[in-house]
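Working from the sequences, and respecting the hints, build out all of it.
Protein sequence lines, in the order shown, are assigned to chains A and B. Counting along the first sequence from 1, when you hit position 240 you're at 240 in full-length UniProt numbering, and nothing is skipped either side. Counting along the second sequence from 1, when you hit position 228 you're at 228 in full-length UniProt numbering, and nothing is skipped either side.
Don't read these hints as lab results, they were simulated from the structure. A few of these clues could be false.
Example chain B residues on the side facing chain A (calculated, C-beta under 10 Å, incomplete) [what the hints assert, rightly or not]:
| no. | residue |
| --- | --- |
| 1 | Gly-57 |
| 2 | Asn-90 |
| 3 | Gly-140 |
| 4 | Glu-146 |
| 5 | Ala-163 |
| 6 | Met-228 |
Since we're looking at a predicted model, the values are computed, not measured. Backbone N, C-alpha and C define an ideal beta-carbon position, used for all residues, glycine too.
Protein chains: 2
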Amino acid sequence: MRNEDRCRISGYRYEKMLKIKDLGEFGFINRLNPKETVTGLKLGIGDDAAVISPPEGFDLVITTDMLMEGKHFLSDTNPYAIGYRSMCANLSDIAAMGAIPKFYFISLGIDPERDFDYVENIYNGLNSLALQFNTHLAGGDTIKSEKTVLSITLIGYVEKSMAIKREGKIEAKDLIVYIGPLGYSGAGLEVIKNKIDGFDEQVEAFLYPYPQVIAGRILLQSKVVRVMMDNSDGLSNCIENLVIKNGFGALLFEKQIFDERLDAIAEATNKDYLDFVFNGGEDFGLVAVVEKDGFLDLTYFLERALFDSKVKVIGEVIEGEKIVLKRLNDSFLVIEKSGYVQF
Amino acid sequence: MRNEDRCRISGYRYEKMLKIKDLGEFGFINRLNPKETVTGLKLGIGDDAAVISPPEGFDLVITTDMLMEGKHFLSDTNPYAIGYRSMCANLSDIAAMGAIPKFYFISLGIDPERDFDYVENIYNGLNSLALQFNTHLAGGDTIKSEKTVLSITLIGYVEKSMAIKREGKIEAKDLIVYIGPLGYSGAGLEVIKNKIDGFDEQVEAFLYPYPQVIAGRILLQSKVVRVMMDNSDGLSNCIENLVIKNGFGALLFEKQIFDERLDAIAEATNKDYLDFVFNGGEDFGLVAVVEKDGFLDLTYFLERALFDSKVKVIGEVIEGEKIVLKRLNDSFLVIEKSGYVQF
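Next comes the structure, spelled out in structure tokens:
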């Protein structure tokens, strides 16, 4: 290979047109292997297994997520976005437990005819988010595959027995709170599909969602959160899991949920903005049930840490296992899996 | 569904002809969720992430391995064998560190048109090996995929700073030892391909290899092992990694490697039995470099634990970075990646 065929992109020097198949398994994985020392990582890529030294007094939190070409992305989807999104889903799961993300493992199936920069861009996408949270690659496996398939396993730490679960004891009058954009991801997808101008924030929320890792840590430290999960499948699913399955119902307030921008997108695409909110998902916000008396503590904690309380009280826990939305006009709407029932 | 359509296989009651698509993601994963309490597993399948409580004084050992239809197995391969083999590869990686396997996570891409018992049989195959080593399912992700793809992440524990690596300080006169069948897997594949009768042990070694988890623990406890790895890519690759890369060479003894059964299979299939040994791999035995003075301790440990020393001294470390085989007729053969050089 001649020297002029080499170039430098994002800190790496690599050979132009280098194919995956030119590298072999070991060459390939060694190229992704970060050489710097990472605290707690005793042995990274290159041995039979990775060795990690967990701090004492902490539990481990582990999540795994798989993405596949043709289902979650297309053959020509920007590989950076594939990596970014995959890491976001995993970080969001860790955030939803109130935990600290730490190490990730990649299993990657890839066509050996792909250029090496395709893989490198997946990795750059993964790392662009991971490194923001001091989270590092610790191992992986790569195989040949016609379609790209990516499975990430992420390991984090949480103070012993402090992980925030979905299942738990809640009470009537508890507050239902939300942190992050709500319904923006689904709306952003419609903006892209319908080529509408002027909704950059929603498009950004769809393309590059942000995991609420810091907020998750603050929610855990506030000690007033009873149950929590991330909004990856829509708000209905979250309320179902956190409230209904724990034996109560939810009264939600539209005035806290309503968003003019969402409504405008809904109108332009002949939809109901509530669909984005309740069935959209992929927002990766956090939904939590919080002790009513503790809510002020929570906003204080959040404001001190993020210079912005960011948290919205979207409803409260009620007796009776149903989800009711109090509309802007003070009428009520029952939210069901199959749709809405006006009454 | 009528009652007579139900049947009971391997302890499960399930509906005949039930498709993956009939279950949905949650129904599907809940069916695999073992309901019994597992020590150290605080939260299993069903939340955003699993929570594990690691014992103090231990490091974590983590490995991940991906298998794909079309590459590692065929569309009609027995799903039990797919699960079994995948678990074996992961357990073997943990064994190669001298660690204790503990929890596994599945990422599974599967065609929703498949019958549910296909997945259940993958899971039964995984568990048939995992449960032998007190290793339990702790989480997973399932997606739709035309081709079956399976990624397993396995987490184990090892006494702090005691994990046995590939890279390390070795010395001339150290012994090179092997535990497990050597070359049997590759030979077994030839037996199947060529439909030869009478080599059940080799066929078994190919179809249902056994991970050397117990031996790995004993090797660690003996404290005389310098470096170790598992034989998943053939003996040449192991010696390359454990000896050559650590700055020495290896003198191997054919009289310790030669096996009449392998030789018979080689003859029947017009091959050299040394190919099975050096380039076969997939045997999942353990290769280790051991202090010469400590070897007796090691055999004592192994005999006490397994009622069989099982360990073979196949060679010794020499100066000079090459691999030499002392043949049965006392001639020498240099083993190279590209082949053999007689001298």
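Right, here's what the structure says about each hint:
1. Gly-57: With a minimum Cβ separation of about 9 Å from chain A (threshold 10 Å), the hint on Gly-57 of chain B holds.
2. Asn-90: 9 Å, holds
3. Gly-140: 6 Å, holds
4. Glu-146: 7 Å, holds
5. Ala-163: OK, holds: Ala-163 of chain B within 10 Å of chain A, min 5 Å.
6. Met-228: Holds, about 8 Å.
Checked against the numbered hints above, the structure breaks none of them.
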